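Each protein sequence line maps, in turn, to chains A and B.
Position in the first sequence (from 1) plus 9 gives the number in our numbering.
Position in the second sequence (from 1) plus 5 gives the number in our numbering.
It should be emphasised that the hints constitute simulated quantities derived from the structure, not laboratory data.
Quick caveat, the model's predicted, so the values are computed rather than measured.
Heads up, a few of these hints could be off.
[Claimed, not checked] Dumping the calculated DMTMM-like pairs for lysine to aspartate or glutamate here, alpha-carbon to alpha-carbon at most 20 Å: (1) A:43 to B:104; (2) B:112 to B:128; (3) A:43 to B:31; (4) B:112 to A:41; (5) B:244 to B:226; (6) B:66 to A:99; (7) B:112 to B:123.
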Amino acid sequence: MNTRGVPHTLQTSSLADVLERVLDKGIILAGDIKINLVDIELLSLQIRLVICSVDKAREMGMDWWVSHPAFGNRGRAELPAAAALSRIEERLTQLESMQPKVPPEIKEVSVCG
Amino acid sequence: MSETAFYLFCFARSGPLPELGGTGVDGQSPLLVRTFADLAAVLSTVYVADFSGPVAEARMKDLSWLGPRACRHEAVIEEVMAYGPVLPARFGTLFSSLESLETLLVKHHRAISQFLDDVTGREEWGVKGVLNRAKALPELESRCQTGGAGLGEANIDPSSLPRGTRYLQGRRARAAAEKALPQWLQATCAGIAEDLRGYASGFIVRKALAKGASGSEVVSDWAFLVPRGVRVDFCGRVKRASAELADQGLTFELTGPWPPYHFMPSLTS
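In isolation and in its complexed conformation, chain A is listed as follows (with noise of 0.2 Å):
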């Protein structure tokens, strides 16, 4: 019957977008426990270098949504946590090295200092 609840904009945003959100420091509602939140920028920096869509989501595992009652009727077997877990941190590590190459446009580097 919640056929209006389906999270489109979770399923068409980067993680990245939900974060800087859901984390945003202009958002001011406080609750009487304060917590520390990361700095959005330096953790979207991060993030944009490791995610760039929901695509790249689902594959370390945060595809909760699919599965989710109110949110669709594809009804998919939960992954074990711990089996997931270290899927996100193999596909992080392969991110990771996958990172520091320097794309061809960038070689051109400026020879002055």
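Use these hints to put chain B onto chain A, whose structure you have.
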């Protein structure tokens, strides 16, 4: 270390909320809806130790912990948003008791209620301007070159010039393009923003944070509060602007509809 707290997702009108299907940010605990007069708070219980203290703070930098939780936070608010206006809380808004939450609600009842009225039938859209420098510069360069080669060389076919002169001319055009780029960007983005504001009842410039995917950079980051009735026109305008400027290395990315995160009143004092 099993002290619990209430995690707040959002406020809504107490009337139209049905049974919610989602879960708390941990993916397990059920959602609770507590009504306070005409307002409803969507909550779940969490362990304080998961959010507060040195261990928790260190873990919050870990994307594999934070990512799924942030998405669940967003998903719950999106679910509630489907039934009426919401005032979204940021990730990790914790209350030690329902009484302290009620104190906040009583204190800010007017502001919350007014906000829910203001965002009824409206949704937030994000628009990011993304520059591809490698594409934008040659384009500007050719405009700079035709614009004024200087030194009486304007009518000379560049290929007839000595290599050294040609090289220097090229360098000069590149320098002129690099100088002209920020100005061109600023003027172009300002024009698009002005256009889009015509559809929106709220507009906020976010600080453009970081580099996008390789080779591109985010040069503008806007949030618009858009009435649902003009959603199609608004989105169409963004896509058109993006298509028109793509050849010049500037595109616009659209995300949404978001809960109205950027248009909230301050409830801290």
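Hint by hint, here is what the structure shows:
| no. | hint | verdict |
| --- | --- | --- |
| 1 | A:43 to B:104 | holds (17 Å) |
| 2 | B:112 to B:128 | violated (26 Å) |
| 3 | A:43 to B:31 | holds (19 Å) |
| 4 | B:112 to A:41 | holds (14 Å) |
| 5 | B:244 to B:226 | holds (15 Å) |
| 6 | B:66 to A:99 | holds (18 Å) |
| 7 | B:112 to B:123 | holds (19 Å) |
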